[in-house]
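Trainee: One letter stands for each residue in the lines below.
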Amino acid sequence: RKEVEQDPGPFNVPEGATVAFNCTYSNSASQSFFWYRQDCRKEPKLLMSVYSSGNEDGRFTAQLNRASQYISLLIRDSKLSDSATYLCVVNRRNNDMRFGAGTRLTVKP
Amino acid sequence: DVKVTQSSRYLVKRTGEKVFLECVQDMDHENMFWYRQDPGLGLRLIYFSYDVKMKEKGDIPEGYSVSREKKERFSLILESASTNQTSMYLCASESPSRAEQFFGPGTRLTVL
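Protein chains in written order, with my numbering: chain A, 1 to 109; chain B, 1 to 112.
I should point out that these hints are in silico values taken from the structure, not numbers from a laboratory.
Please note that a few of the clues may not be correct.
No more than 35 Å apart at the CA atoms, straight line, and that leaves these computed lysine-lysine pairs for DSBU-like [as the list claims (entries may be wrong)]: (1) B:18 with B:3; (2) B:57 with B:3; (3) A:108 with B:70; (4) B:18 with A:108; (5) B:3 with B:55; (6) A:45 with B:18; (7) B:55 with A:108; (8) B:71 with A:108; (9) A:79 with A:45; (10) A:42 with A:2; (11) B:70 with B:57; (12) B:55 with A:45; (13) B:71 with A:2; (14) B:18 with A:2; (15) A:79 with B:70.
Under 10 Å between C-beta atoms, here's a sample of chain A residues computed to sit facing chain B [claimed, not checked]: (16) 34; (17) 44; (18) 89.
Ideal Cβ placement from N, Cα and C applies to all residues, glycine included.
Turn these sequences into a full structure, and let the hints steer you where they fit.
Mentor: Shown next, in the form of structure tokens:
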């Protein structure tokens, strides 16, 4: 079983839709959590950190549920430019980040 | 802005060749990482370094070695390239304050 699991998708949604991705992790001692975004043929870039209290950045909301060991990302009012692969990342301890394989999102006009 | 550069975007090598992949960061970060990314598997850590001349094995170090002679430069070496090392190789540098990793553009290596 992979340490960080994501639904690979693809998720195909129309512009303006709300879409949610989930990610589960197996190591209960994991300390910090992130969502990265990776465009086609590009490097991953940090989208947002995920805090226990949940956090919002514009149209993006990230939630952490430590008891159930999952992380979610909600995108509201999807834009064409949101099309990318979203990587769930779990930091077990310093220098030990674990990446999910990614969820691919395509937003269509 | 943090900048992480990698020596090549695309590389084609033959089985048995020695391959050097270089990574340079300009933010004076201590921690640097080498990953490979394969479809369906995500990023897997090959090696990381937390200081000059210091290195630690990641999850898949077999067939690879690394060198960190200067803080800004972290090199990945394939001693004798094999076809199963065909992959996208990504270097990253880590900000200590946020634990955020900054990635280079990647090197797509094909071993024939």
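Trainee: Would you check the hint for residue 55 of chain B and residue 108 of chain A, treating anything up to 35 Å between C-alpha atoms as holding?
Mentor: Between residue 55 of chain B and residue 108 of chain A the Cα gap is close to 45 Å, so the pair fails against 35 Å, i.e. violated.
Trainee: CA of residue 18 of chain B to CA of residue 3 of chain B, is that 35 Å or under?
Mentor: holds (27 Å)
Trainee: Measure nothing beyond the straight line between the CA atoms of residue 18 of chain B and residue 108 of chain A; if it is 35 Å or shorter, mark the hint as holding.
Mentor: Given that 35 Å is the threshold and the Cα spacing comes to 44 Å, the pair is violated.
Trainee: Check the hint pairing residue 108 of chain A with residue 70 of chain B against an upper bound of 35 Å on the C-alpha distance.
Mentor: violated (46 Å)
Trainee: Does the closest beta carbon of chain B sit nearer than 10 Å to the beta carbon of residue 34 of chain A?
Mentor: holds (8 Å)
Trainee: Under the criterion that the straight-line Cα-Cα distance not exceed 35 Å, is the pair residue 79 of chain A, residue 45 of chain A satisfied?
Mentor: Holds, at about 18 Å.
Trainee: Is the straight-line distance between the alpha-carbon of residue 42 of chain A and that of residue 2 of chain A 35 Å or less?
Mentor: Satisfied, since the Cα-Cα distance of roughly 24 Å is no more than 35 Å.
Trainee: If you draw a straight line from the CA of residue 57 of chain B to the CA of residue 3 of chain B, is it 35 Å or shorter?
Mentor: holds (24 Å)
Trainee: Next pair to validate is residue 3 of chain B with residue 55 of chain B; report whether the Cα-Cα distance is within 35 Å.
Mentor: holds (22 Å)
Trainee: Holds or violated: residue 79 of chain A and residue 70 of chain B, Cα atoms, limit 35 Å.
Mentor: Not satisfied, since the Cα-Cα distance of roughly 42 Å exceeds 35 Å.
Trainee: Given residue 89 of chain A as an interface hint, is the shortest Cβ-Cβ distance to chain B below 10 Å?
Mentor: Residue 89 of chain A check passes; min Cβ-Cβ to chain B is 8 Å, inside 10 Å.
Trainee: Within a Cα-Cα threshold of 35 Å, do residue 71 of chain B and residue 108 of chain A meet the stated pairing?
Mentor: Between residue 71 of chain B and residue 108 of chain A the Cα gap is close to 44 Å, so the pair fails against 35 Å, i.e. violated.
Violation of the numbered hints given earlier is confined to hints 3, 4, 7, 8, 15; the remaining hints are satisfied by the structure.
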